[in-house]
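Student: Let the sequences and hints guide you as you build the complete structure.
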Amino acid sequence: MISKTGRNHQQATTKQAEIVREYGPFDGAASIHGVTHDGRRVWAATGTRLVAFDPASGEPARTLDCACDAGTAFDGTYLYQIAETRIDKIDPRTGAVVASIPAPGQGNDSGLTWAEGSLWVGQYRDRKIHQIDPDTGAIRRTIESSRFVTGVTWVDGELWHGTWEGEESDIRRIDPQNGTVLERLEMPRDTGVSGLESDGGDLF
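Each residue of the sequence shown is one higher than the one before, starting from 6 at the first, in this note's numbering.
Please note that the accuracy of each hint is not assured.
[To be verified] Using C-beta positions, here's what the derived DEER-type ranges look like:
#1 A34 <-> Q182: 33 to 39 Å
#2 D70 <-> T19: 20 to 26 Å
#3 F31 <-> G205: 32 to 38 Å
#4 S36 <-> R67: 16 to 22 Å
#5 D140 <-> S62: 33 to 39 Å
#6 A17 <-> N113: 24 to 30 Å
#7 G206 <-> V103: 27 to 33 Å
#8 G100 <-> P60: 18 to 24 Å
#9 P30 <-> D207: 23 to 29 Å
#10 E191 <-> A35: 32 to 38 Å
Hints in this document: simulated from the structure, not taken from any laboratory. For each residue, glycine too, the CB sits at the ideal point set by N, CA and C.
Tutor: So this is what it looks like as structure tokens:
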């Protein structure tokens with residue numbers, strides 16, 4: 006969990022990210038590939054299972070067996086999960102996959118978030134973020150980045166994404182129209198961002 010306080014909307018700023026809490030390790034999970042927040046619990050993609058945990062206690066609440074090797078998102082009702090070359094729409098009550106669409110990066114996708122009726126997909130080595138139709142997977146627009154893209158999220162109408170390249174990682178607020186970097190939170194050395202989500206307040 007990372008603090009995102011001290012924003013400056015007038016010009017680009019660079020600050021050190023402050024890690025305020027850590028969660029895990031989770032049983033059977035070697036790494037975390039994506040995260041989302043459903044308003045009560047955090048869902049973490051561990052490769053073969055989605056793990057939901059209480060952000061207050063850190064205790065796992067439930068798991069769903071599914072392919073989950075990259076970003077995770079929540080639209081208020083359904084979970085969306087990148088699984089290699091597709092994005093699965095999952096009913097969190099039952100774990101059933103109710104629909105699937107092609108992932109724009111065809112297996113090179115990273116982050117995932119829901120905003121403005123669209124899915125937003127990070128494409129790691131291609132340094133892109135795609136806005137896609139959640140029903141068809143059609144690309145609505147593409148934003149270029151200057152760094153490898155990992156997690157993506159929207160917070161109060163602002164687009165943020167994680168980067169991880171050359172042993173360095175940060176979290177960036179960018180202009181969703183042209184990709185201009187407006188703010189950077191630099192991660193501590195040897196700490197990288199894979200998934201990214203906001204709690205709706207002052208924490209990622």
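Student: Could you run down the list of hints and mark each one as holding or not?
Tutor: Tested hints:
At about 37 Å, the beta-carbon gap between A34 and Q182 stays in the expected band of 33 to 39 Å. Hint check: D70 to T19, Cβ distance near 41 Å, so the stated range 20 to 26 Å is violated. Between F31 and G205 the Cβ separation comes to about 23 Å, which falls outside the hinted range of 32 to 38 Å. The given range of 16 to 22 Å is respected by S36 and R67, whose C-beta atoms sit roughly 20 Å from each other.
Hint check: D140 to S62, Cβ distance near 36 Å, so the stated range 33 to 39 Å holds. Range check, A17 to N113: about 28 Å between beta-carbon atoms, so the 24 to 30 Å window is met. The hint said 27 to 33 Å for the Cβ distance between G206 and V103, and at roughly 30 Å that hint holds. A hinted range of 18 to 24 Å holds for the C-beta pair G100 and P60, which are about 21 Å apart.
For P30 and D207, the hinted distance range of 23 to 29 Å is satisfied, since their beta carbons lie about 26 Å from each other. Between E191 and A35 the Cβ separation comes to about 26 Å, which falls outside the hinted range of 32 to 38 Å.
In the structure shown, a violation is registered for the earlier hints numbered 2, 3 and 10, in ascending order.
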